[in-house]
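Trainee: Sequence:
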Amino acid sequence: MKALIVVLIVLSAVYVFTELVGFYDRTANPSQARTRQVTPESERLTGESLPGLPSYLEGSLAEAQQGGLESLERWLRTWSSHVQDPRLAWIELDYVVLLNLKDHRAARERFHQVRARVPATSPVHDRIVRLQSAYE
18 MKALIVVLIV
28 LSAVYVFTEL
38 VGFYDRTANP
48 SQARTRQVTP
58 ESERLTGESL
68 PGLPSYLEGS
78 LAEAQQGGLE
88 SLERWLRTWS
98 SHVQDPRLAW
108 IELDYVVLLN
118 LKDHRAARER
128 FHQVRARVPA
138 TSPVHDRIVR
148 LQSAYE
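Residues in the sequence shown are numbered from 18 upward in steps of one, following this note's numbering.
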């Protein structure tokens, strides 16, 4: 009987110790605890957060995106040589989505060009995978 009581006391002490260590980890590093709770859905990438677009082109790009397909096409013809991946790929995918409403074949061709250029390690690759079924 004494042995059973000793085992229960030891198990209780181990349980309390692990709970205290867990509590300390959560309170000592609250920023790490929050980052662990972030879901991939809430970490959705936006084009604005990607590098590769010179700051002097941001305003004209915003105007071109608001102007629609033809405006964005003109912007790409004019400025694409000044923009680097991954931002260029993101902008071109925006263009592909708009172009798909007008000319599916041309949109497919442009999508395949972007997909061939973008490596699997690029932050834009997830968006390419999501759009891939629409342009096969």
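Please note: incorrect hints may appear among the correct ones.
[Said to hold, decoys possible] Distance windows between CB atoms, simulated:
#: 1; residue 1: Q149; residue 2: V38; range: 38 to 48 Å
#: 2; residue 1: S97; residue 2: T138; range: 18 to 28 Å
#: 3; residue 1: A133; residue 2: V33; range: 20 to 30 Å
#: 4; residue 1: T44; residue 2: V146; range: 30 to 40 Å
#: 5; residue 1: Q149; residue 2: S66; range: 16 to 26 Å
#: 6; residue 1: V24; residue 2: Q149; range: 54 to 64 Å
[Unchecked claim] Computed cross-link-like contacts, SDA-like style, restricted to lysine to any residue with a CA-CA straight-line distance of at most 20 Å:
#: 7; residue 1: K119; residue 2: Q149
#: 8; residue 1: K119; residue 2: R91
#: 9; residue 1: K19; residue 2: A30
#: 10; residue 1: K119; residue 2: P103
#: 11; residue 1: K119; residue 2: R94
#: 12; residue 1: K119; residue 2: H142
#: 13; residue 1: K119; residue 2: L148
#: 14; residue 1: K119; residue 2: D143
#: 15; residue 1: K119; residue 2: D102
#: 16; residue 1: K119; residue 2: L93
#: 17; residue 1: K19; residue 2: V31
#: 18; residue 1: K119; residue 2: P140
#: 19; residue 1: K19; residue 2: S29
#: 20; residue 1: K119; residue 2: G85
#: 21; residue 1: K119; residue 2: G76
#: 22; residue 1: K119; residue 2: R134
#: 23; residue 1: K119; residue 2: Q83
#: 24; residue 1: K119; residue 2: E153
#: 25; residue 1: K119; residue 2: Q82
Calculated from the structure, these hints are not laboratory results.
Quantities reported herein were computed from a predicted structural model and do not represent experimental measurements.
Virtual Cβ for every residue (Gly too), placed ideally from N, Cα, C.
Trainee: Could you run down the list of hints and mark each one as holding or not?
Mentor: For each hint, the structure was consulted:
1. Q149 / V38: 38 to 48 Å: The hinted range 38 to 48 Å holds for Q149 and V38, with Cβ atoms some 45 Å apart.
2. S97 / T138: 18 to 28 Å: Since the Cβ atoms of S97 and T138 sit about 22 Å apart, the hinted range of 18 to 28 Å holds.
3. A133 / V33: 20 to 30 Å: Violated, since A133 and V33 (Cβ atoms, about 59 Å apart) do not stay within the stated range.
4. T44 / V146: 30 to 40 Å: Taking Cβ atoms as reference, T44 and V146 lie about 39 Å apart, which means the hint holds.
5. Q149 / S66: 16 to 26 Å: holds, 22 Å
6. V24 / Q149: 54 to 64 Å: holds, 58 Å
7. K119 / Q149: holds, 18 Å
8. K119 / R91: holds, 16 Å
9. K19 / A30: Roughly 17 Å between the alpha carbons, so the hint for K19 and A30 holds.
10. K119 / P103: violated, 25 Å
11. K119 / R94: holds, 18 Å
12. K119 / H142: Since the Cα atoms of K119 and H142 sit roughly 24 Å apart, the hinted pair is violated (cutoff 20 Å).
13. K119 / L148: The given pair, whose Cα atoms are some 17 Å apart, holds under the 20 Å limit.
14. K119 / D143: violated, 25 Å
15. K119 / D102: violated, 25 Å
16. K119 / L93: Given pair K119, L93 holds - Cα atoms ~17 Å apart, limit 20 Å.
17. K19 / V31: holds, 18 Å
18. K119 / P140: violated, 27 Å
19. K19 / S29: Judged against 20 Å, a Cα distance of about 15 Å means the pair holds.
20. K119 / G85: The hint holds at about 12 Å.
21. K119 / G76: violated, 26 Å
22. K119 / R134: Roughly 24 Å separates the two Cα atoms, so the pair is violated.
23. K119 / Q83: Holds, because 17 Å separates the two Cα atoms, which is no more than 20 Å.
24. K119 / E153: holds, 17 Å
25. K119 / Q82: Within the cut-off at roughly 16 Å; holds.
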